[in-house]
Amino acid sequence: MSVFIDNNTRVLVQGITGNQGSFHTGQMKAYGTNIIGGVSPGKKGQSVEGVPVFDTVFEAHKEVQADASILFIPAPFAKDAAYEALDAGIKLLVMIPEHIPVHDAMDIMAFARQKGAVIVGPNTFGLVSSGKCKIGIMPNDYFIPGPLGVVSRSGTLCYEIVGQLTANNIGTTTVVGLGGDRVVGLNFIEVLERFESDPESKAVVMVGEIGGSSEEEAAAYIKASMKKPVIAYLAGRSAPPGKRMGHAGAIIEKGRGTFESKVKALTAAGVEVASLPSEIPALVKKVLG
Amino acid sequence: MKLYEYLGKKIFQAFDIPTPRGYTIEKAEEAGKIAEELGTVVIKSQVLTGKRGKAGGVAFASNPEQAVAEAQRIFQLEFDGVKSERLLVEEKLQIEQELYLAFTIDSAARCPVMLFSLDGGMDVEEVSEERMIRWPVNNSVGLHPYAIREVCRLAGVTGNLQKELLKIVPSLYRLFRELDTELAEINPLALTPQGIIAADAKVTIDDDALYRHQDLPRIKEKTALELQAEELGLAYVELGGEIAVMANGAGITMSTLDLVQHYGGTAANFLDFGGGADLERTAKALELLLGTDPKVLLINIFGGITRCDVVAEAFVQVKESKGIDLPVSFRLVGTKEKEGRAILEKAGIQAFTGMDEAVRHAVALMPAP
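Sequence lines, in order, name chains V and R.
For the first sequence, counting from 1, position 37 maps to 37 in our numbering; every step adds exactly one.
So the mapping is simple: our numbering equals the position in the second sequence, first residue as 1, plus 289.
Bound-form chain V, shown alone:
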């Protein structure tokens, strides 16, 4: 069983004719993702990496029926593009861009709730069902099939950790990037729920960071409802309060969102918190037996 996406997922690329859109269309296809169309207003009739380009999402969806869409659209235009995808009936939307205004993000989430759609991101690397389907921008080599579910707020740090696991011959079922912004669609809990009910995922690694309260909420869920072992790593132990550490969401405000509060909550929920990324493979081996 796969979480969120699999070999059959039909993927649309919004902003396919741009630099990033065309490059990552090629990368996703190379991974095996079933890319069935692209959208770029005014570029109908072109093709990118052998994928047909349409003017609107409505048109593309009618012609090629998409299950999911990935957005490579500059931040100021991302709300319009996300609304278009949701209104056209796309049920899974992966939003790559960074610096989307937070009020736009809240509006997008409200419309997605109304439409019963799932949003991944914004400011995410995407998600991958290992060996089957990648909807995102992560390097292809590291994501090999295996028994582990991984969910992360940050990109490169997640690659680092998955890379160390891969080097230890531990693969993944699904890897989900939640995104580094203050308001994102999927949160830890929704992804943990999927891993808990997925028979192929035997254990979970969650990669969090300072800021917000999503790790604390995840801890409450793990304590109450999760049987599978969870291992966590959290970035930002040394970060000073009141400073935004790269991600819009990575900030300790008024004493909230501290490293200590997250470690305390997760430890109390029975989660093993690694102090260094390099400790994770050994901890995973221990729980997988």
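Mixed in with the good hints, there may be bad ones.
Far from chain R by the CB rule (all over 10 Å, computed), these chain V residues [stated by the list, open to error]:
no.	residue
1	41
2	105
3	116
4	153
5	227
6	261
7	289
Below, a sample of chain R positions facing chain V; criterion: calculated Cβ distance under 10 Å [said to hold, decoys possible]:
no.	residue
8	394
9	428
10	525
11	526
12	542
13	563
14	568
15	594
16	624
17	637
18	639
19	643
20	644
The hints are simulated quantities; they were obtained by calculation from the structure and are not laboratory data.
Every residue gets a Cβ at the ideal spot worked out from N, C-alpha and C, and that includes glycine.
Here the structure of chain V is known, so what remains is to put chain R in place on it, guided by the hints.
Below, chain R without anything else, positioned relative to chain V:
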């Protein structure tokens, strides 16, 4: 971007939220004339740091001479090393009760949230949970009077005060939404014989939305290097230690800093130069890294869309053009790793493959205290 109180109050006025009568001054002498007009006045420093009251930055004066003297005193004060360029001189309100009202972002609920309490005047986090009413707003339908009535019921507010809140709360919500604010806070919201008045104003605009608010002034809270980084589109924070750190990605950069601390070092900065940077951008990031006069350089690259050869090339270029002779610890893996390593080796640098080794080496390179 945080706004000074006087700017926040100007915006409040534009949104029909009552504020005290008052003026901003740039010279202490101007306070005298205002005190003549307004009677007893409150003189408030205009700085972005919190707790200015505790630092002596707010004072009352009952006559013009005293107003000038207090203004002179406050102009001399430093708040986290910054003096107040302006003061706000306002009428002293007859406050019967101090309330708290704010709109901010609820990350967990992914929507705006209204915060209201009858225990205003103190810090929000000091108000007990039962006394702070939180009302998440469904932003697809907006904020309507029923929500305000319900918040009033939960807080135990009735009569005239409820009527006044029904006027002021929608204005603050409109401001919160239209100006892309992360925080629009009135603390205290003063209950006076003349009605409710915003005695303070904290307005923070979302940096990512500033492009659509060209009419707002730009407030600079950052250091010169942080501003330079902002212009380059790099995420940069000064930290004051000895090892200058550069990595690609916010999470891995934070993690690198944590490792520096873990192995006993101190970091000079946080610098995330992002994914897929070209030669020029990488070189500019490296130059920025030298700005805090560090003792050691630590570069941690996990190349996905970032190419190792580009980073190595940029490093060698900057090293030669700027004549860097600082000790450096380089970690380089990922896309075009072999090419990148070859470039560094020519320049006499052996790159590490593991993050831990690279950080440990950087800490070992720190000069003895």
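Each hint tested on the structure:
Consistency note on residue 41(V): stated as away from chain R, and its beta-carbon is indeed over 10 Å from all of that chain's, at 21 Å minimum. With a minimum CB-CB distance of about 8 Å to chain R, residue 105(V) fails to clear the 10 Å threshold, and the non-interface call is violated. Non-interface status of residue 116(V) relative to chain R is upheld: no Cβ of that chain comes within 10 Å, the nearest being about 14 Å off. With a least beta-carbon separation of about 7 Å from chain R, residue 153(V) fails to lie farther than 10 Å from that chain, contradicting its non-interface assignment.
With a cut of 10 Å on Cβ distances, residue 227(V) stays outside the contact zone with chain R, its closest approach being about 24 Å. At the 10 Å boundary, the C-beta of residue 261(V) stays outside the reach of chain R, the nearest C-beta of that chain being 13 Å off. In this structure residue 289(V) is separated from chain R by more than 10 Å, as the shortest Cβ-Cβ distance comes to about 26 Å. Hint on residue 394(R) holds. Least Cβ distance to chain V is approximately 6 Å, under the 10 Å limit.
Restraint check, residue 428(R) versus chain V: the minimum CB separation of about 5 Å is within 10 Å; hint holds. Among the interface hints, the one on residue 525(R) holds; its C-beta lies about 9 Å from the nearest C-beta in chain V, closer than the 10 Å criterion. Interface restraint check for residue 526(R): the shortest CB-CB distance to chain V comes to about 5 Å, inside 10 Å, so the restraint holds. A cut of 10 Å between beta carbons decides the hint on residue 542(R): the least distance to chain V is about 6 Å, and the hint holds.
Evaluation of the residue 563(R) hint against chain V yields a held restraint, the C-beta minimum of about 8 Å falling below 10 Å. Look at residue 568(R): its Cβ only gets to about 16 Å from chain V, farther than 10 Å, so that hint breaks. With a least beta-carbon distance of about 7 Å to chain V, the hint placing residue 594(R) at the interface is held under the 10 Å criterion. Because the smallest distance between the Cβ of residue 624(R) and any Cβ of chain V comes to about 7 Å, under 10 Å, the interface hint for this residue holds.
Because the beta carbon of residue 637(R) sits about 27 Å from the nearest beta carbon in chain V, more than 10 Å, this interface hint is broken. Violation of the interface hint for residue 639(R) is found here, the shortest Cβ-Cβ separation to chain V being roughly 20 Å, above the 10 Å cut-off. With 10 Å as the threshold, the beta carbon of residue 643(R) comes within range of chain V, its nearest partner Cβ sitting at about 7 Å, so the hint holds. Because the smallest distance between the Cβ of residue 644(R) and any Cβ of chain V comes to about 7 Å, under 10 Å, the interface hint for this residue holds.
Checked against the numbered hints listed earlier, the structure breaks hints 2, 4, 14, 17 and 18; every other hint is satisfied.
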